[in-house]
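Now for the letters of each chain:
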Amino acid sequence: MSLISYVTKIHFAENVLEDALEGELELLGITRPLVVSDNGERRRGVLERLVHGMPRWVDATLYETSACRATEEACSEAAALYAEAGADGLIGFGGAAAINLAKAIGLRVSHGGPLRHYAGMEGGRPRIRDVNPPVIAIPTIAGSCSETVGVAVVSLADGPNVSLVSPYLTPRVVICDPTLTLDLPATQTAGAGMDALTHCMETYIATAYNPPADGIARDGLRRAIGHLERAVADGNDLAARREMMAAALNGALASQKGLGGVHAMSHALGGVVAGGLDHGAVNAVLLPYVLAFNAPAVASRYEEIKREFSLPAGVDLADAISRLRERIALPASLREMGVARGDLEQAATLAASDYANRTNPRHADADDYFTLLEAAL
Amino acid sequence: MSTALAVHHGPFGRVALYNLDRSLALHAHREGHLIIHIQGPPASIRIDEDIFPLSGGQAVAISPWQPHNYMSLDSEEPSLFLTLYIKPFWFLEASRQANASLRFGRSQIDVTEQIFRLSFQVASAMLEDADDSFIAGYLYELTQACFDQSWQWVAEGATFTRCAPPVRDFRVRNSVKLMQHRVSERIVLDKIARESGLSRPHFYKLFRQQVGITPNIYLNTLRMESAIDRLTTTSDAVTDIGLDLGFSSQASFTRFFIANAGIAPSDYRRVVHFAGLA
Chain A
1 MSLISYVTKI
11 HFAENVLEDA
21 LEGELELLGI
31 TRPLVVSDNG
41 ERRRGVLERL
51 VHGMPRWVDA
61 TLYETSACRA
71 TEEACSEAAA
81 LYAEAGADGL
91 IGFGGAAAIN
101 LAKAIGLRVS
111 HGGPLRHYAG
121 MEGGRPRIRD
131 VNPPVIAIPT
141 IAGSCSETVG
151 VAVVSLADGP
161 NVSLVSPYLT
171 PRVVICDPTL
181 TLDLPATQTA
191 GAGMDALTHC
201 METYIATAYN
211 PPADGIARDG
221 LRRAIGHLER
231 AVADGNDLAA
241 RREMMAAALN
251 GALASQKGLG
261 GVHAMSHALG
271 GVVAGGLDHG
281 AVNAVLLPYV
291 LAFNAPAVAS
301 RYEEIKREFS
311 LPAGVDLADA
321 ISRLRERIAL
331 PASLREMGVA
341 RGDLEQAATL
351 AASDYANRTN
361 PRHADADDYF
371 TLLEAAL
Chain B
1 MSTALAVHHG
11 PFGRVALYNL
21 DRSLALHAHR
31 EGHLIIHIQG
41 PPASIRIDED
51 IFPLSGGQAV
61 AISPWQPHNY
71 MSLDSEEPSL
81 FLTLYIKPFW
91 FLEASRQANA
101 SLRFGRSQID
111 VTEQIFRLSF
121 QVASAMLEDA
131 DDSFIAGYLY
141 ELTQACFDQS
151 WQWVAEGATF
161 TRCAPPVRDF
171 RVRNSVKLMQ
181 HRVSERIVLD
191 KIARESGLSR
201 PHFYKLFRQQ
211 VGITPNIYLN
221 TLRMESAIDR
231 LTTTSDAVTD
241 IGLDLGFSSQ
251 ASFTRFFIAN
261 AGIAPSDYRR
271 VVHFAGLA
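Top line first, the protein sequences correspond to chains A and B. Heads up: the first sequence is residues 1 to 377, going by the UniProt record's numbering. Heads up: the second sequence is residues 1 to 278, going by the UniProt record's numbering.
Think of the hints as simulated: they come from the structure by calculation, not from any bench. Any given hint could turn out to be false.
So the derived list for chain B, only partly shown, Cβ under 10 Å to chain A, looks like this [stated by the list, open to error]:
1) E113
2) V122
3) A136
Beta carbons: idealized from backbone N, C-alpha and C, even for Gly.
Using the sequences and the hints, build the whole thing.
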């Protein structure tokens, strides 16, 4: 059977941040939150908006990470800060790095020990119990797709990226306020938007049977294709921003069905390439190649996607994605983003063992991934 | 002689490391079943009508109540298998398909690096007897990795297993209930047929159609479950367990047990271990 659960509470409205935050902090009984934020929120001024929006009875502590992904090192540092401040809850404010980090800190402060102990691949899933402090997730970009998910991807102190997986890691409350994304630069908007679109597309074609996820994913695809270019062209187009945040939320909600080869490879590359990569931009490069690879397994679903995109029957879906990527000025190859040929072998191996590979519609091994990565280089 | 190196029972079901050097009788399980070749000469297995290889890099997935029998190809040297019997309810959360009961999409599983690593970790944890709490987590990952793969498309063609229809005939349902209630008695299937209001040939035909296996295999599964339960949770003598299940002697019970599990009941009892943590 398919276990289908839509579990968490979501606020979605323009300027909802201040109202929802006060009410939810009160409901969850949080008076001393640790706010976890990633690079960029302060620069853009949205972090200031959050700090000013805190109710007077709340004593918040701030932890900012400069890394573009959640790391165990940052987790340990923030956990110490959490204890020192006597915090009683977490707010993940930003992109995937901040939200994943908030989940991981919650796990660390309630369970203790190295994060590897809880990694899914290390048999850690049953070790995660329902004792985590409450986490409120507030995405500030439309595309991280991590806000409603019970998974935290974290780089371990001794190397690889691991996935911590448990329903108890799902944030208790999500606050989606599209006005938080208004001044995001065009390149970041484009990358995040392609991440949201890839989430919707990969979940829609994933092997699992989950009709609500399919419906949510298709709705997300329709919103993304209709508004991504508008949001990139005019960062203050609030309607476009709202629709892109909705597409990203749909991508996050649908992803419980499972992802696929694009995410398997972008997770892997994110762990291999020093300095990190724009996850969404990497997805945008890889998506057409993976669509072509998966065509024998799921071609019939491509016709459904093309209907959501209003594409004529004769048009190739993979080509249409490549052209969209060009129009929003994202890089055309992995090499342009700093991936070297020497990175590919390790990335291919990691991709084959990534969670996302399990639900790719076509069985793919490390050789298949090497071929795909080489083509995308 | 086949041997069991380790057997663990837990909330997940059962997991065993078997060294097999002889073929088994056709049988079935209530659980989702995975057999992973660890080392030794190649063997094969019949699942429904098809024969699948069980050699390096190959595993098989057998859905609940799918009849199968292990076929040894080399009587000189045993092959070592990691064998999982996963309770469908324990796995519910990880299962991602529209059909219940841990039904696999395809029987043949390619042992990827990831599946190999997880199998190795389960086997090590069982043999070292070190930290039981790891076993459940590894089994979960291993089962999910195999389950998901069984639903992925492969170029060789998707020989997806058929889904058994639900049992609709009340007489067959009644016979199933009778067998479950009387497993500890000396059961004669003719009598079950009669009490269900069916002639013997009609009973066999209808049962096969509706349940997917013969009444004999079904009854054998119930006997094995009962035998394993008593061997592992009581200190009753093997002879008594056999007699209570309708066998005329310990020898015939032992023969039956070996044909279905590969090893003797006393060996099973000797190696079984209860893993903690759900």
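Hint-by-hint comparison with the structure:
{"no.": "1", "hint": "E113", "verdict": "holds, 6 Å"}
{"no.": "2", "hint": "V122", "verdict": "holds, 9 Å"}
{"no.": "3", "hint": "A136", "verdict": "holds, 5 Å"}
When held up to the earlier numbered hints, the structure conflicts with none and fits them all.
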